[in-house]
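Note that the protein sequences, when read in sequence, are chains A and B. Residue 238, in our numbering, is where the first sequence stops; the numbers in between run on with no holes. Residue 238, in our numbering, is where the second sequence stops; the numbers in between run on with no holes.
Hints are computed from structural coordinates only; laboratory data are not their basis. Careful: at least some of the hints might be erroneous.
Stated by the list, open to error - Below, in silico cross-link-like pairs of lysine-lysine (DSS-like), each with a Cα-Cα straight-line distance of 30 Å or less:
| hint | chain 1 | residue 1 | chain 2 | residue 2 |
| --- | --- | --- | --- | --- |
| 1 | B | Lys-95 | A | Lys-119 |
| 2 | B | Lys-119 | A | Lys-8 |
| 3 | B | Lys-52 | B | Lys-95 |
Unchecked claim - The following residues of chain A were derived to be distant from chain B, with all beta-carbon distances above 12 Å:
| hint | residue |
| --- | --- |
| 4 | Asp-39 |
| 5 | Ala-94 |
| 6 | Gln-170 |
| 7 | Leu-174 |
| 8 | Gly-187 |
| 9 | Ala-194 |
| 10 | Ala-211 |
Predicted model only: the values in this text are computed from it and were never measured. Using N, Cα and C, we set each Cβ at its ideal position, and we do this for glycine too.
2 protein chains.
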Amino acid sequence: MSRALGIKALLFDVFGTVVDWRGSVIREAAAFGRLYGIDADWQAFADAWRGKYGPFMDKVRSAALPWTNLDGLHRLALEELLAEFGIEGVSDSAKAELNLAWHRLDPWPDAPAGLARLKARFIIAAMSNGNVALMTNLARYAGLPWDCILGAELARAYKPDPRTYLTGVQLLGLQPAEAMMVAAHPGDLQAAAALGLRTALVPRPLERGRAAAPEPIATESFDVVAADFRDLAAQLGG
Amino acid sequence: MSRALGIKALLFDVFGTVVDWRGSVIREAAAFGRLYGIDADWQAFADAWRGKYGPFMDKVRSAALPWTNLDGLHRLALEELLAEFGIEGVSDSAKAELNLAWHRLDPWPDAPAGLARLKARFIIAAMSNGNVALMTNLARYAGLPWDCILGAELARAYKPDPRTYLTGVQLLGLQPAEAMMVAAHPGDLQAAAALGLRTALVPRPLERGRAAAPEPIATESFDVVAADFRDLAAQLGG
Numbered sequence: 001m002s003r004a005l006g007i008k009a010l011l012f013d014v015f016g017t018v019v020d021w022r023g024s025v026i027r028e029a030a031a032f033g034r035l036y037g038i039d040a041d042w043q044a045f046a047d048a049w050r051g052k053y054g055p056f057m058d059k060v061r062s063a064a065l066p067w068t069n070l071d072g073l074h075r076l077a078l079e080e081l082l083a084e085f086g087i088e089g090v091s092d093s094a095k096a097e098l099n100l101a102w103h104r105l106d107p108w109p110d111a112p113a114g115l116a117r118l119k120a121r122f123i124i125a126a127m128s129n130g131n132v133a134l135m136t137n138l139a140r141y142a143g144l145p146w147d148c149i150l151g152a153e154l155a156r157a158y159k160p161d162p163r164t165y166l167t168g169v170q171l172l173g174l175q176p177a178e179a180m181m182v183a184a185h186p187g188d189l190q191a192a193a194a195l196g197l198r199t200a201l202v203p204r205p206l207e208r209g210r211a212a213a214p215e216p217i218a219t220e221s222f223d224v225v226a227a228d229f230r231d232l233a234a235q236l237g238g
Numbered sequence: 001m002s003r004a005l006g007i008k009a010l011l012f013d014v015f016g017t018v019v020d021w022r023g024s025v026i027r028e029a030a031a032f033g034r035l036y037g038i039d040a041d042w043q044a045f046a047d048a049w050r051g052k053y054g055p056f057m058d059k060v061r062s063a064a065l066p067w068t069n070l071d072g073l074h075r076l077a078l079e080e081l082l083a084e085f086g087i088e089g090v091s092d093s094a095k096a097e098l099n100l101a102w103h104r105l106d107p108w109p110d111a112p113a114g115l116a117r118l119k120a121r122f123i124i125a126a127m128s129n130g131n132v133a134l135m136t137n138l139a140r141y142a143g144l145p146w147d148c149i150l151g152a153e154l155a156r157a158y159k160p161d162p163r164t165y166l167t168g169v170q171l172l173g174l175q176p177a178e179a180m181m182v183a184a185h186p187g188d189l190q191a192a193a194a195l196g197l198r199t200a201l202v203p204r205p206l207e208r209g210r211a212a213a214p215e216p217i218a219t220e221s222f223d224v225v226a227a228d229f230r231d232l233a234a235q236l237g238g
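Just chain A, with the same shape it has in the complex:
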């Protein structure tokens, strides 16, 4: 399959595809609550924080905000979030520390070993809306053996902006068809496919927790559909 497709690099969405942002942010927020004696519904807090992700990126996309990296957007969202949850009196340093929750996300269980296996055959790179510092710290925390970190900050544009994908492909010195985008989210893959990249869907039905029913995904439009990264490696001949 990989030989036929001529793929040289795999570009990975990270939040939800490689790491379990929700379970990890719930854990980090609850630890923050215990440390400062604050009681709240931390599951709702994590979901509300992630809920502000799209709207804040939209502010950059529409130029209502100048370019701001994801650490910066998470921090702006956190200010709103604390107010909405009625959490007051948090110091700037405590907010800064809580904002680093996004640098400490657990990988899905198959991810580290699956990436290591894929790396033996392909360049593997983060292609996330997360900024370089966030992705670097996250890779160290979660054991993600990226060859390099690409993504939104290097293009100063958030996915699904074509510049995000194309800047990454160009930095690798590749043609779009030599790169495969790997994601749990069809929209990410459709944006990449429109530019000529290959696509691999790896559904992560637990991304939004066990209580949330995953949205059904029409899988026929992707080059590969894999159960996890080990299966992806097997299907790509790695």
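Got chain A sorted already, so can you dock chain B onto it with the hints?
Showing chain B alone in chain A's frame:
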């Protein structure tokens, strides 16, 4: 030492500091010669190719050339070089393959294990004039476990331009004093120190071969002077 200095990341010059460009390019050029039945002094060829490195970057610095990454500059230099050595009739694809010699450079013997040891304690990043694709392929070839690849291409400016170092520090979300530049070349370190970065000199006396006497280096102006990367790890408490 590292605790006292407050260092979070080590930024590495690569050509000469991490890898033996000269011995490797001689080997690659000689292999090219054998493949195409071309006889030349491949040591002189490698040295002349590297000799064009500074002048071609100067063309970008002076805006005589628009931004061109190092793969592009190596290729422009190669055209001159082949003419100067009287080597004719080389196909474009053979030139492109020879240009990739710079993606296949052997590490100094201590480098892979030394970097792995340093990585346990610090973020380690390439801070080279080499472009992202070159550095990515080189890391895979030589076993260099970078956390991320920074450097000239992300700043569109060649060291010792301050933008190269400062863009890297900013992408890591750090203050300059939280980063240490590691290089075999005093000029690289002096440029970094002028911006507030810490500095570690790792002399590589064999960079220009056994026949060339290494230039004497005044070592007193650097935060650390280490014999190799294992020694650097030991001195930084890793």
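Quick rundown of the hints versus the structure:
no., hint, verdict
1, B:Lys-95 with A:Lys-119, "28 Å, holds"
2, B:Lys-119 with A:Lys-8, "26 Å, holds"
3, B:Lys-52 with B:Lys-95, "16 Å, holds"
4, Asp-39, "31 Å, holds"
5, Ala-94, "18 Å, holds"
6, Gln-170, "9 Å, violated"
7, Leu-174, "8 Å, violated"
8, Gly-187, "26 Å, holds"
9, Ala-194, "23 Å, holds"
10, Ala-211, "34 Å, holds"
Hint compliance for this structure: hints 6, 7 are broken, all remaining hints hold.
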